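Engineer: Here are the chains, one letter per residue:
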Amino acid sequence: MSENITSKAAAAIDRAKAEGRAALIGYLPAGYPDVQSSIEAGIALARNGADLIEIGIPYSDPVMDGPVIQAATTEAIANGFRVASVFDVVAGITAATDAAVLVMTYWNPVMRMGVDEFSRRLAEAGGAGLITPDLIPDEASEWFEASDKYGLDRVFLVAPSSTPERLEMTVKASRGFVYAVSIMGITGTRQAVSGSAEKLVADTHAAGAERVCVGLGVSTPDHVREIAAYADGVIVGSALVAAVRDGGVDAVGKLTKELSAGLRRETAQA
Amino acid sequence: MDAPTSKPEQDAADAFLEGGASLRNASGPYFGSYGGRWMPESLIAALDEVQDTFDKAKADPEFIAQLNDLNKNYSGRPSLLTEAKRFSEHAGGARIFLKREDLNHTGSHKINNVLGQALLAKRMGKTRVIAETGAGQHGVASATAAALLGLECVVYMGAEDCRRQALNVARMQLLGATVVPVTNGSQTLKDAINDALRDWVSNVDTTHYLLGTAAGAHPFPAMVRFFHEVIGEEARAQILEQTGKLPDAVCACIGGGSNAIGLFHAFLDDASVKIYGFEAGGDGVETGRHAAAITLGRPGVLHGARSYLMQDEDGQTVESHSISAGLDYPSVGPEHSYLADIGRVTYEPITDTEAMDAFRLLCRTEGILPAIESAHALAGAIKVGQRLTEGKADPSEVSVIVNLSGRGDKDVETAAAWFDMLDENGNVKGTTLSTRAPKGPAERTEEQN
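Respectively, the protein sequence lines represent chains A and B. Position 215 of the first sequence, counting from 1, maps to 215 under the numbering used here, and the rest follow consecutively. Position 20 of the second sequence, counting from 1, maps to 20 under the numbering used here, and the rest follow consecutively.
Rather than coming from a laboratory, the hints here were simulated on the basis of the structure. Be a bit skeptical, because a hint or two may be false.
[As the list claims (entries may be wrong)] Which chain A residues face chain B? A few, computed with CB under 8 Å, are given here: (1) D61; (2) Q70; (3) N79; (4) R82; (5) L135; (6) I136; (7) S141; (8) A159; (9) S162; (10) E165.
In this text, all values refer to a predicted model and were calculated from it rather than measured experimentally. C-beta atoms are modelled at their ideal positions from N, C-alpha and C, and glycine is treated no differently.
Produce the entire structure from the sequences given, and follow the hints as far as they go.
Structural biologist: Set out below in structure tokens:
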């Protein structure tokens, strides 16, 4: 990790830590159902307890996403979403809140715009960095260069299947936090959080990561409580997207408030 | 294409032109600047396992003997090289030779790859294979190999393709496979691959993803090519035996590009042999409704590899269009992108109309009903034959090999509709004979009630 770059994502997680709790990270797709609504939903996330916000770029071939997010991003594209609008969403949320705003994107849209150009515009919009579900450090040389140049966080993923060598390599490559995939699978709500998540977080910490956040299949305050006991942050996606779908901005605010109640580690002990 | 040829491609082109470097040793992960592993971390361990198992198997005489035995005694290899004498008259008089992959068990080249990968799945201790399919050929081949080797098989197929290829859906089910219609996106091959990848990441402990084309993340492009190299090796020996010399050109159709890379590979270092890949031009590349990724795409990443890709200004994948379900894919295997950039292989589009004209021509001149995919290669060979014989006193000195990658039984309904042979009920005109899949006992009973 480059030491001379101030990580916005790390700062947000550390603020939560100073309050004795894990950070809450909420995912919403840009442009769903339209650009302005996604800005308002992001602001509602931040005002109701999310420390970091993950804005997804709707993409034609989202292989890591389950039905809820696929349906939302497909609708966003059908409604005319353009990739450059993601910078408006990031700027709109950062202007109104203190949350760190990351963009989650499949790699081809970034490559198409140009990695340097995309990074420059993201930094100008006040974005913290990128979460890259289909970019592994092995292929990321252009992104290393651009993220260092513009001071952006690089959030790579680790999975229960990652070998110790790959954990170590990915931890070294990451800045901000490391995204631990709780299960072998795709996004979507599930009944229970997999037991493999806790071990993965411990292994990732042991590999040198200061901050490890857990996502995939996290949808209820109970899930949040369980994960907050051992991880630095909890990532919720599909459940929030379903809230936007079913109840709009108000439903996002309400769910975020409920989820954030599970963050305190002392309640986890009770 | 607005991407300039990058340095590695230029170096390779120079080396090849100087006669120094072989193009036959590309083992991946990169082919010039193409290929790689643009994949979720969750799947990297599985890709490593496939690669490791493949590397060891390739070097294991027992595995090779097992594969050769299946190729010979199950698939029926070597496939024939048939001279198409009456068809040749339409190709400027050049001698046209058909590499008869249509005669393989299951009716296409796809069996070569699935037998190899299914054996690898067994070696890895997997009990389940999943596959994507466009035309249904790879799905049928996968279901076949799974039945033969006692593996569970699930095939993802775009709902649009299920409709176009209903008989192949039934074939897969008869072979014991589960067919899952994919209703996402354009409901064709690329969306079937997306759903297969989602299945794989969720079931990777028990499941091997039997990818059907020489695309995707490393090691798939190099591995799928390896299992198809037998096509070109046989064809090269057969043409030498039949004509005493190498062909002037070899031709194949390109969707993902597996039959093509299998044929091309044996000829890559034969500088005198011109190599042509024919992409699906759909309604014509000028209409935007096509699947000509190399001709009109630009480099991008899809399904794990960097390659030429049909994409819009935002990097969203553009839906491809072709009368041929098997070529209806918006990208192409990464080695083809590399071979295009260095100029070793020439890639050209063939429209639906040109392909269907060649389809009918082969039926009527040779008594062979080709897959519509392969008809693109035939249409291309007509052009190549005419070009290469121009001004030649004896055009029969020119010989061209065409990969007849599959048979056309699956395409009878599409062809009958194209040639206006059906009435409004889908019956062959003047008969009550439907080309559609027959109804099962359950549906018949329902109608009677």
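Engineer: Using Cβ atoms only, decide whether A/R82 comes closer than 8 Å to chain B, and label the hint accordingly.
Structural biologist: This interface hint holds because 6 Å falls under the 8 Å limit.
Engineer: Quick one, is the A/I136 hint okay against chain B at 8 Å, beta carbons?
Structural biologist: Constraint on A/I136 satisfied, holds at 6 Å.
Engineer: Regarding the hint that A/A159 lies at the interface with chain B, is the smallest CB-CB distance below 8 Å?
Structural biologist: holds, 4 Å
Engineer: For the restraint on A/S141, tell me whether the closest CB of chain B is nearer than 8 Å.
Structural biologist: With Cβ-Cβ at 11 Å, over 8 Å, it is violated.
Engineer: With a cut-off of 8 Å, does the beta carbon of A/L135 approach a beta carbon of chain B closely enough for the hint to hold?
Structural biologist: holds, 7 Å
Engineer: With 8 Å as the cut and Cβ atoms as the points, is A/E165 at the interface with chain B?
Structural biologist: Not OK, violated: A/E165 not within 8 Å of chain B, min 10 Å.
Engineer: Using Cβ atoms only, decide whether A/D61 comes closer than 8 Å to chain B, and label the hint accordingly.
Structural biologist: holds, 5 Å
Engineer: Under the criterion of a CB-CB separation shorter than 8 Å, is A/S162 in contact with chain B as hinted?
Structural biologist: holds, 6 Å
Engineer: With a cut-off of 8 Å, does the beta carbon of A/N79 approach a beta carbon of chain B closely enough for the hint to hold?
Structural biologist: violated, 13 Å
Engineer: Regarding the hint that A/Q70 lies at the interface with chain B, is the smallest CB-CB distance below 8 Å?
Structural biologist: Holds. Min distance 6 Å.
When the structure is compared with the earlier hints, violations turn up for hints 3, 7, 10 and for no others.
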